[in-house]
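**Student:** Given the structure of chain D, go ahead and fit chains L, B and E onto it with the hints provided.
Chains as they are written, first to last, in the working numbering: chain D, 205 to 569; chain L, 205 to 569; chain B, 205 to 569; chain E, 205 to 569.
None of these hints come from the bench; they were simulated from the model.
It is possible that part of the hints are untrue.
A pair holds if it fits inside one copy or across any two, identical chains being indistinguishable in the list.
[As the list claims (entries may be wrong)] Simulated pairs of lysine to aspartate or glutamate, DMTMM-like, Cα-Cα distance not exceeding 25 Å:
no.	residue 1	residue 2
1	323	559
2	248	500
3	211	298
4	433	341
5	348	559
6	377	523
7	323	480
8	481	525
9	209	267
10	502	262
11	320	379
12	209	559
13	377	444
14	249	397
Number of protein chains: 4
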Amino acid sequence: MESNKIKISIIGSTGYVGAELVRGFVGHPYAEIIHLTSQSFAGKKFSDVYPVFRGVCDITLEEGDYVKIAQDSDLVITALPHGVSSKTVPVLLENGARVIDHSGDFRYKNLATYEKSYKLDHPHPELLGEAVYGLPEFYREELKTARLVANPGCYPTCSLIALAPFLTQGLIKTDSIIINAVSGVSGAGRKSDLAYAFCETDEAFKPYGAVGHRHTTEIAEQCGFLSAKAVEAGKATEADVVKAVTFTPHLAPFKRGMLASIYVRPSGVFEGVTSEKVNEVYQEFYSNETFVRVLENKVLPDVKSVYGSNYIDVNGMYDPETDMIKLFSAQDNLGKGAALQAIQAANVMFGLPEDTGLGSVIRGV
Amino acid sequence: MESNKIKISIIGSTGYVGAELVRGFVGHPYAEIIHLTSQSFAGKKFSDVYPVFRGVCDITLEEGDYVKIAQDSDLVITALPHGVSSKTVPVLLENGARVIDHSGDFRYKNLATYEKSYKLDHPHPELLGEAVYGLPEFYREELKTARLVANPGCYPTCSLIALAPFLTQGLIKTDSIIINAVSGVSGAGRKSDLAYAFCETDEAFKPYGAVGHRHTTEIAEQCGFLSAKAVEAGKATEADVVKAVTFTPHLAPFKRGMLASIYVRPSGVFEGVTSEKVNEVYQEFYSNETFVRVLENKVLPDVKSVYGSNYIDVNGMYDPETDMIKLFSAQDNLGKGAALQAIQAANVMFGLPEDTGLGSVIRGV
Amino acid sequence: MESNKIKISIIGSTGYVGAELVRGFVGHPYAEIIHLTSQSFAGKKFSDVYPVFRGVCDITLEEGDYVKIAQDSDLVITALPHGVSSKTVPVLLENGARVIDHSGDFRYKNLATYEKSYKLDHPHPELLGEAVYGLPEFYREELKTARLVANPGCYPTCSLIALAPFLTQGLIKTDSIIINAVSGVSGAGRKSDLAYAFCETDEAFKPYGAVGHRHTTEIAEQCGFLSAKAVEAGKATEADVVKAVTFTPHLAPFKRGMLASIYVRPSGVFEGVTSEKVNEVYQEFYSNETFVRVLENKVLPDVKSVYGSNYIDVNGMYDPETDMIKLFSAQDNLGKGAALQAIQAANVMFGLPEDTGLGSVIRGV
Amino acid sequence: MESNKIKISIIGSTGYVGAELVRGFVGHPYAEIIHLTSQSFAGKKFSDVYPVFRGVCDITLEEGDYVKIAQDSDLVITALPHGVSSKTVPVLLENGARVIDHSGDFRYKNLATYEKSYKLDHPHPELLGEAVYGLPEFYREELKTARLVANPGCYPTCSLIALAPFLTQGLIKTDSIIINAVSGVSGAGRKSDLAYAFCETDEAFKPYGAVGHRHTTEIAEQCGFLSAKAVEAGKATEADVVKAVTFTPHLAPFKRGMLASIYVRPSGVFEGVTSEKVNEVYQEFYSNETFVRVLENKVLPDVKSVYGSNYIDVNGMYDPETDMIKLFSAQDNLGKGAALQAIQAANVMFGLPEDTGLGSVIRGV
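Only chain D is shown next, with the shape it has when bound in the complex (with noise of 0.2 Å):
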């Protein structure tokens, strides 16, 4: 082990997030992974649950010490459910690591959202607001200090990205925000189960929790948030901050990859809206975002063009007969929807260059 790398630990890393972030970290030149854990797998070799990595990623899997992963570790990467990680990680932070949490668990600051979205009670509400949300693009200058990272969810990044743009300077109403999203099969995890086997899913499309699908209240408190940046800025008024938005998830034979395509109106402040204006206004939004690829006028985002990178790729586009602006994003939903971008985060907590390691991670053909 070289000791000027930072000490990766992953727990419950043979899902598919886990699979990413070690597909992430062992082409990261500053990071050293430590600890792999796995319930279902320990003992065998990560390349024995996937072999692709044989020769790439031997490194033997353990049940899981918390207490000894946490003070070897620099930073514990957590993949586990909802529920489990609100009682594994304040066990991580107290023995000293530093934490990015993928669950639903520490994403939230109103507590009552969370309990009512996630039905559970939260063990340890106190950090809540301790917790960074890990979106990079909008928490930066927090992430460097932060303790506990509470990674987005797949289809918040991909929302909240292609709102944010407008929701901060009021450019769009609030009171319509319609998100018609579709997901990669890889986003339902790794399991044994006949909804998503090959027969059952290939050539399928379906919508899915089309009411009450946990992603929404993530997706309209961090538009609230947002949407508060206007009020600020006074572009908007208290009545404009989104308290709720609809959304509707989609399930799409293909493995990895996400695309949400939303649909808003024009507020008064957007003055003589017009597509190359919705184009504009995210040219000057993201210009100095590595990961967030503003494609050119009309030119719209494919999930294919994002497949195992940690880029988002946005464009809209306006509809005079109807005064509708159309958003619309693409990412991998385990690249900038999950692991890639909580190795995205981790560079920032480290103080490193915040695309080392994730430069040049795509797929051609």
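**Tutor:** The following block gives chains L, B and E in isolation, referenced to the frame of chain D:
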């Protein structure tokens, strides 16, 4: 040839719609195919172009003498590009055939809307009034005696079947109808085009034609007619007649299938709206329809379940958090969205039970 | 119920083979389904398990009283695991039903081979002699009066149809028959198994069971019978009777379909072997068969062309550089490889034209 | 530009092989791309053609001044059609560049075999002797100083890596080497061709070029060289030197990946052959190779596990029933089968560790 069968000819039979027409008619007990035409493959057997049809349909493709074809046939079905149909169909009609046309050329009642949408002058606008829009669920009576049927577009069929119960009864606000729709790749037709190559399309997902897709105005015109029925019934006012809709198509990596996800708000007429009531509206409206399957409460449509068939599955939900009704419909874009719907219409035109030859045409796994 | 129809019951109807049997029989003009059983889903409607069948087959699934089922039915089709069939089928026979069984339990004439291949003792070896191997192309006469039919395995059907013309006429050497075969994922059955999850199977391709797959001995036994005909005809000697074959199955990322690529060498009997002559052998041998489509010279079989049908496409080529004959056959593993072949056999058993209900069952695009 | 990096130019950079070369080199720490050429897209940015590369490689494509390109570059990689390479490569060499060529034009030592296989006269047969066959595992020493490297074909790489340990040690009979191979669709290149359209290719699987595919002779020539080593070592006789092989390629519905299933028989030299011993032969032969992963006994290669990487996975089994050895190898046809193998060769040519830039290039899920 058996004289008691309906004599069918298909103009432009080697595209995907043409092939699906052939598939449908070879299993039809009261129809026989007389002529198949193809500009590109004249002289070859149909089964040379589509080897799956070897032994099933080995008819030799003709370049096509439209006068003779019309005289020989009871029904001619044209699967030609728009702008070509408008010149070919009149010749067929003049020579005594009844015609079902698959292009956009005869779908509109408003000439100006057609000419603006298709950027073409119409050579035979006098036929627009006569042409019957080939959705049997709405125009069954007119189809019985129709000389010219304009088979609806795939996106319009999917959208209109989902919206009709609500529009005709004034149950939804008509100023913001948002249709987010997804099509399989066969919708782009059978052609050598890199954009639809396997390596470019598999694991891709993207919006296209996000503003100004032609089906937008076709949907809007028919929504206008449907909403006018609510005015007639005293459940809405003239101001509620639909003038425009928001429509965004997307391309998904499966061969056949189409899903529409529609966002509308209940009007004051829809008292006590709930998900259950949305479902009841569907159940009542389509209780006598064979091919519209209203799913049981909270089961949502999936393109997998309609693959290869003339069925369209519908359901909807109401989200009280945002006062939004979400409607969903799934069909096979080549089935109910094109060729099999034409066979359904042909059955009506020739006085046959509407499901003749279509009742058990499904794909299992 | 119409009394002039064949009364069919299916035991184990909710697996993929069962569902394909239902799909086939609902479109069959002279058969009606009486009972469908399912251990897992008894009490539900068949269309609850397979929503694609809504309105097409809404029969309620029964746990199954085999005595009553046998008494009610003209034909019972069992789609049960091996080891279960061998106990269930005798009960059905005793109670007067004719039976088509899909397991391996009644496919062998040699008890020892069965018991070694399946690692099971057979509780009713007395039935092995009576059971007719359900390949209509080889055992048509025997099927007409058969009480018990053992529906062939999918790989054996594909391999034997390709090899039969050459084996029966002594045209190939029998000491080295190499069968490299590929199956779609539905061959693994309908089950919650991570190995067949979409994310694990899409874009995967691999051999499995490379030594000792059960179908190896089933193929070999039938090849023995076919090659014995060449001995009878004086075109080969006892030493040429096939005792073993080399067989390797592979799993490919498509739902349905199977391709066999077979490598054999011409014997001395095959004078002046060329690709053209290989094709002629097929043309002659299968000239009266509806479901074996011999492709024109040098067009090679493709699983796409047989999808959803009972067809099997064959062709072959001769490579003079290496004195090797390559034979290829493509079928749908659930169609000619399982359920639709059973319907073909049922048609023979009940004196119907062999293609009744099967003639136009194809998928187009 | 950093002067201590290897200056790379790619001729024909917008095909799939070209794009994979770009993907590989943008992540390579000691190489920089100087020129990219394209006949079709000159003047556009590389990322206009492949949007996935936005921000990763935005180099402007040139039509190509080969003299200047050669003078500017340390290494020029050509991804041109055969017959074009044979004219272009000499110009590049004359102007001082080292060259790796992807076509078949410089892969053969025997001119007659090339000219027969490619049906072309070779304009520069004098280069055939000099050209090094770019399989680092066999020609590592020659590559170090090579001026011209002929990158092997995808099928030959997959076949030869699997066969080499057995051929060089005389362990198998050489009169009947049967290679049944399967490729993903990207092997057909990037082009507008209906045969490779999504709707034509998805769920299809078929053999092609079943007799006389060009790679057959390329494999045979190299097998000849490998088997000659067994003669040198006294383990075989001149008669055992391979002259021809049986090879059949198939097209499978996945974008990238290749699997070879090879059937051979043990020679008298292979004492006590078992599956375990077959595995041991691999383990020993490839113990020092980074990119050849010998799977543990009885785990078989899967194209999924090598996707996007330069790895090739191998294993084999022995079937005592038929005295047959089955060998299996899986690689990415664009990776180890083309572009990434070229980067491996480039690393050897320029004295870098062989896995530079390639070590962790894998795809996870």
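**Student:** Take the hints in turn and mark each one as holding or not.
**Tutor:** Hint check:
With identical chains, the CA atoms of residue 323 and residue 559 are never at most 25 Å apart, being 37 Å at best within one copy and 47 Å at best between copies. When the C-alpha separation of residue 248 and residue 500 is checked against a cutoff of 25 Å, the pair qualifies only between copies, where the shortest distance is 14 Å, while the shortest distance within a copy is 47 Å. With identical chains, the CA atoms of residue 211 and residue 298 are at most 25 Å apart within one copy only, with a shortest distance of 17 Å there and 51 Å across copies. In this homomeric assembly, residue 433 and residue 341 come within 25 Å of each other (Cα to Cα) only inside a single copy, at 15 Å, whereas the closest approach across copies is 50 Å.
Taking the shortest alpha-carbon separations for residue 348 and residue 559, only the intra-copy value of 15 Å comes in at or below 25 Å, while the best inter-copy value is 34 Å. In this assembly of identical chains, the alpha carbons of residue 377 and residue 523 lie at most 25 Å apart whether taken from the same copy (15 Å) or from different copies (19 Å). Only between protomers do residue 323 and residue 480 lie at most 25 Å apart by alpha-carbon distance; the minimum there is 23 Å, versus 43 Å within a single protomer. For the homomeric pair residue 481 and residue 525, the shortest alpha-carbon distance inside one copy (16 Å) is at most 25 Å, but the shortest distance between copies (31 Å) is not.
Proximity of residue 209 and residue 267 under a CA criterion of 25 Å is satisfied intra-copy only: 24 Å inside one chain copy versus 44 Å between copies. With identical chains, the CA atoms of residue 502 and residue 262 are at most 25 Å apart between copies only, with a shortest distance of 19 Å across copies and 45 Å within one. For the identical chains of this complex, residue 320 and residue 379 are intra-copy neighbours only, at 22 Å inside a copy versus 33 Å across copies, given an alpha-carbon limit of 25 Å. Taking CA atoms no more than 25 Å apart as the test, residue 209 paired with residue 559 passes in both settings, with 16 Å inside one copy and 21 Å between copies.
For a Cα distance limit of 25 Å, the shortest separation of residue 377 from residue 444 qualifies both inside one copy, at 7 Å, and across copies, at 22 Å. Taking the closest pair of Cα atoms, residue 249 and residue 397 come within 25 Å of each other both inside a single copy (24 Å) and across two copies (21 Å).
Violated hint for the displayed structure: number 1, the only one.
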